[in-house]
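S.K.: Sequence:
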Amino acid sequence: MIALRGLAHNKFRTILSAAGIAIAVISIMLLGSTGSGLIRIGEKTLERSSMDMWLTGKTFDLKSQFAGGSEGKITDAHKLESRLLKNSNIDFAMPVLTEIVYAYKEGAEPKAVFGTGLEGTGGSFVSILQGEGLIGDSHYNSGLYNGPWKREILIDGRAAKLLDVTIGDTLHIGKTLTEARKQEFKVIGLTNSLSSFTTGPMIVLYLSELQEITGNHYYDSVNLVMLRLKDPSRAEETQKQLETQYPEYAVSTNLNLIKKIIRQNSPVLAGAFFIVVLAVLMGVLLAVNTVLLSLNERKNEAGILKVMGLSKWSIIRYLCFDGFLVCIAGGITGVLLSLPLSRVLNILIYRAVGFEDLVLIDNSFIYIGTAAAVITGLVTSLLAAMWINRINAAELLRSV
1 MIALRGLAHN KFRTILSAAG IAIAVISIML LGSTGSGLIR IGEKTLERSS
51 MDMWLTGKTF DLKSQFAGGS EGKITDAHKL ESRLLKNSNI DFAMPVLTEI
101 VYAYKEGAEP KAVFGTGLEG TGGSFVSILQ GEGLIGDSHY NSGLYNGPWK
151 REILIDGRAA KLLDVTIGDT LHIGKTLTEA RKQEFKVIGL TNSLSSFTTG
201 PMIVLYLSEL QEITGNHYYD SVNLVMLRLK DPSRAEETQK QLETQYPEYA
251 VSTNLNLIKK IIRQNSPVLA GAFFIVVLAV LMGVLLAVNT VLLSLNERKN
301 EAGILKVMGL SKWSIIRYLC FDGFLVCIAG GITGVLLSLP LSRVLNILIY
351 RAVGFEDLVL IDNSFIYIGT AAAVITGLVT SLLAAMWINR INAAELLRSV
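The end of the sequence shown is residue 400 by UniProt numbering, with every number in the run present.
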């Protein structure tokens, strides 16, 4: 009760300190859960793709995909596909091109969307929600791009909403606005199977047609080749074979690819970690500041207690418990607020990039957040105890 009366004496300072601890706990839980969610979604996406291995350029990263640059591109993709299929353990190979293109309905405003080029969408790799899939890429013809154009595309739910189109509609698509005005493609199907690979609206075209409209047909360039193995247990052996045969490319299993993407995006992760550290430091400083200011106001009381013969431990318990209470209250508040905030964050993330249930707060993050609040309370009490230990009761009372 004495500690509670001490906290109530300066409500604003107490609330500010508790808020600092709460923000620190919320930062730990939400940012930690977001990072964990990205890894979880990445693993699930790769598992759903039914692919076991990925062949990419050695500088492959997410940024070069979106920029549409030549970094990390694989050349002579169709010939490479044929050579890969000669490997006794490779059952299926699919070159994939990803480029940003402009798309719009006649009379509508052009939008930049994520274009993906595939040779076809048969099998279990791409599931069609409505309409038809892409079957047979006819424009590529034995090393030349002189076959007939089909001009058919698939869209995902985000692209359908952004471009206000449905099955049967026609879209202008091109690498530039000038080129897009001259080229029309018909929407024949809806799929969300590939949506987890990108944060933006996606359209799926035949590989050779996307290559030609983006200039990648000159060197038969793609971003990656996905591989399905006959015997996934031999993945490591197959990886070594391909690395020896194609030293200019990076060969990754699903787990390797996730690690590579995380490593290449480490500046973003480091920034998030830095935010958490700052939030924790801010909470600690606010809590320490509250306790020390409170003790400074009560230093005469501390001196009197020393003169009365009370032990240091008794004085510390009497005067320092309020700082520990502030930290615990802030920690509990942070944990309780993190749960509804995670739901709000999930809604915003889904609307922005289409990732569903990205932020799921695991019990481990609740324990970490709670532990951070308790440790902060103990550190605060320790610093307060050191401050009390330095009080010279005789000098303090003479100055009264």
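Just so you know, these hints were derived from the structure itself, not from any lab.
Do not rely on the hints blindly, as some may be mistaken.
What the hints assert, rightly or not - Think about it this way: if two alpha-carbon atoms lie no more than 25 Å apart in a straight line, the pair counts; the simulated BS3-like pairs of lysine-lysine are: (1) 150 x 182; (2) 230 x 79; (3) 86 x 230; (4) 58 x 105.
Stated by the list, open to error - Quick list of simulated restraints, FRET-style, between CB atoms: (5) 347 x 236: 52 to 62 Å; (6) 141 x 364: 51 to 61 Å; (7) 237 x 368: 21 to 31 Å.
Glycine residues also receive a C-beta, built at the ideal position from the N, C-alpha and C atoms.
S.K.: Indicate, hint by hint, whether the structure satisfies it.
M.R.: Okay, the hints, checked on the actual structure:
1. 150 x 182: holds, 15 Å
2. 230 x 79: holds, 21 Å
3. 86 x 230: holds, 12 Å
4. 58 x 105: violated, 37 Å
5. 347 x 236: 52 to 62 Å: This hint is violated: roughly 41 Å between Cβ atoms.
6. 141 x 364: 51 to 61 Å: For residue 141 and residue 364 the Cβ distance comes to about 55 Å; the hint holds.
7. 237 x 368: 21 to 31 Å: With a Cβ separation near 39 Å, residue 237 and residue 368 fall outside 21 to 31 Å, so the hint is violated.
The structure is inconsistent with the numbered hints 4, 5 and 7, although it conforms to all the rest.
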